[in-house]
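With the hints as constraints, model all of the structure from the sequences given.
Chain by chain, the residues:
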Amino acid sequence: MTTAQTREPSRDLAARREPGRSHGRPISDPRTRGRGKRRIGRWAQTLVLGGLGLLWIYPLLWVLAASFKDSLDIFSGGLGLLPDSWHPENYLRAWRDANFSGYMLNTVLITAGSIVLVVVRCAMAGYVIARFRFLGRRAVLAVLVATMFIPTGLFVVPVVELSDLLGLLNTRTGLVLAIAGGGNVAAVLLYVGFFSRVPKELEEAAVMDGAGFLRVFFRIMLPLSGPVTATVVVLTFLSSWNNFFLPLVFTFSTPQNRTLAVGMMAFQGTNSTDWAGLAAAASISLVPIVLLFLLLQRYFVEGIAGAVKN
Amino acid sequence: MTSMSRTTEPEAAGAAPAAARTVPRRRRPSLWIYVFLAPTVVLFGMYTVWPSVSSLVYSTLEWRGLGLERSFTGLENYRRLLTDPLFWKSLWITLLIIVVTVPLRVGAGLLLALVLNNPRLPLAGLLRTAFFVPVVATTAIVGIVMGFVLDPSAGPINEVLSIFGAGPVDFLGSSRTSLWAVMGVHVWKWLGVTLIYWLAALQTVPRELLEAAETDGAGPAARLRHVTLPLLRPFAVIIVVLTIIETMQIFDLVVTMTGGGPFFSTLATEVYIYDTAFGAARPDLGYASAIGVAFGVLTVLLMVVLTLVMRLAQRRQEQR
Chain P
963 MTTAQTREPS RDLAARREPG RSHGRPISDP RTRGRGKRRI GRWAQTLVLG GLGLLWIYPL
1023 LWVLAASFKD SLDIFSGGLG LLPDSWHPEN YLRAWRDANF SGYMLNTVLI TAGSIVLVVV
1083 RCAMAGYVIA RFRFLGRRAV LAVLVATMFI PTGLFVVPVV ELSDLLGLLN TRTGLVLAIA
1143 GGGNVAAVLL YVGFFSRVPK ELEEAAVMDG AGFLRVFFRI MLPLSGPVTA TVVVLTFLSS
1203 WNNFFLPLVF TFSTPQNRTL AVGMMAFQGT NSTDWAGLAA AASISLVPIV LLFLLLQRYF
1263 VEGIAGAVKN
Chain X
85 MTSMSRTTEP EAAGAAPAAA RTVPRRRRPS LWIYVFLAPT VVLFGMYTVW PSVSSLVYST
145 LEWRGLGLER SFTGLENYRR LLTDPLFWKS LWITLLIIVV TVPLRVGAGL LLALVLNNPR
205 LPLAGLLRTA FFVPVVATTA IVGIVMGFVL DPSAGPINEV LSIFGAGPVD FLGSSRTSLW
265 AVMGVHVWKW LGVTLIYWLA ALQTVPRELL EAAETDGAGP AARLRHVTLP LLRPFAVIIV
325 VLTIIETMQI FDLVVTMTGG GPFFSTLATE VYIYDTAFGA ARPDLGYASA IGVAFGVLTV
385 LLMVVLTLVM RLAQRRQEQR
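Heads up: the protein sequence lines correspond to chains P and X, in order. Residue numbers for the first sequence follow my numbering, so the first one is 963 and each next one is one higher. Residue numbers for the second sequence follow my numbering, so the first one is 85 and each next one is one higher.
There may be inaccurate statements among the hints.
[As the list claims (entries may be wrong)] Here are the simulated EDC-like cross-link-like pairs (lysine to aspartate or glutamate), alpha carbons at most 20 Å apart as the crow flies:
#	chain 1	residue 1	chain 2	residue 2
1	P	Lys1271	X	Glu330
2	P	Lys999	X	Glu330
3	X	Lys173	X	Asp368
Because the hints were derived from the structure by calculation, they are not lab data. Please read these numbers as outputs of a predicted model, since none were measured by experiment.
What follows is the structure, encoded as structure tokens:
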């Protein structure tokens, strides 16, 4: 979003910059008086918001700091972030003994599986819904949209029973299907919106050249949908990495299949005195996703903004 | 799809008529259409449509656990629902959470977005990031972390309070403060999303329009009131609805912060459903389904009414 704003050259902005050379408006403009004041005002805003922003992320920083302290230091250390002495072995305890390595693997696998499944099936469905008229098209769309507001609580009992009947309860595959199978209406609609805007000529040219249905989709349409796919990947990533309700009920009897979130709760339940270990476990769960976000910030922000724009 | 047998009909083939003419007759993409649709239809049928329908059926059963025997009890579960104080309490809590946190998020998000949207604001990108970081942090883990941060003996929040001479407050342990603490964390966690929604909406305000208004002598306040806000109004409906949907998912935070307690003070409806179905010493899947159905119906009703009201208000505004 930042980029959209600053990169967009907006011709008149550039034109305005010409006469005064460095700072925008002509000198005779009465509004230029107090521009310095305005800049100070902007820095003041930044300062206030910066303080607020620091306060905003402080809880996360505090936990990160606590993960290097010993439990006693956490209790007496108060607000300070720097540990008296460093205890990286907290991480070893969480990673190895509390099996956060396993939980991490489960979370990664389940998230990756969900993303693949959601992208493939939603792109395919979105493509045919957008490009073809067929029997049942309206019905499919109507049912999809109608279920958008139904809360998870309504689904959970039947989904668990269905998975149990299929022998998929307590498996990662079953969890992926439950996460990526239901809902995801937004993803389908995003693809419908995108594909219906692609010019018809592209497809027609390919068909004239002898490309079949599959080829048109996989060679032309799917590659074109890159930006929408990025949005869908980010949204699915967030929702499935964050998912808690389903992993919780799917791993009652198979603790080895727990995700980070569920493992974290179990760790807290059985180990309520190991504050430092708890902080380390939380950091193991939070740091990778926050780092990933910082690296791919643009896609995250645009992915979420896409929900409003579309 | 029941219509599979019909796919060879020529009418079903091809895109718009114009495109169909250019496609040789022999090609019949219609089968592919249903092949492409199949994964979504099958999975959606299994994991969304079937659960919605079967929940209705389950809600008429006396059913004490997966794999156990079930017997038909008619509307007994619903009769019980009507007189169950916990159900009504959970609805009230859910509603209270929405009524308190949604306006806060939408309002504060807009305020922040208006400031951060200024392209000349120094470090705007960094500031946005700070407010957005909690959004990507896994909710359930945030819940546990916040339990830690709010802890009366070790947490930094009570550390600050004690500096001001206010004794330690057991935020999550007292039924007077627990719900407010959960709501506070919810707003903290999700404000960044609403901020991004508003920033996206602000992108649609044409810069030229603001500049024209400025040339006409409109100050920042006037520009905001007469240019920006009217243009944002259509987005307000979407943003409020999206925010409410997110708020319904308070389950993760509640379960990890308080588990619905103390004394049911944070028992949001989804938590109650979970407790009844899986958490209780005597699981009651039939009754849990009845709660789910009632909650689902109320949610959809709320959404429909809300959308209608907001649309109406918008139209009236436009007419003036």
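Please flag the earlier hints that this structure goes against, numbers listed from lowest up. 2
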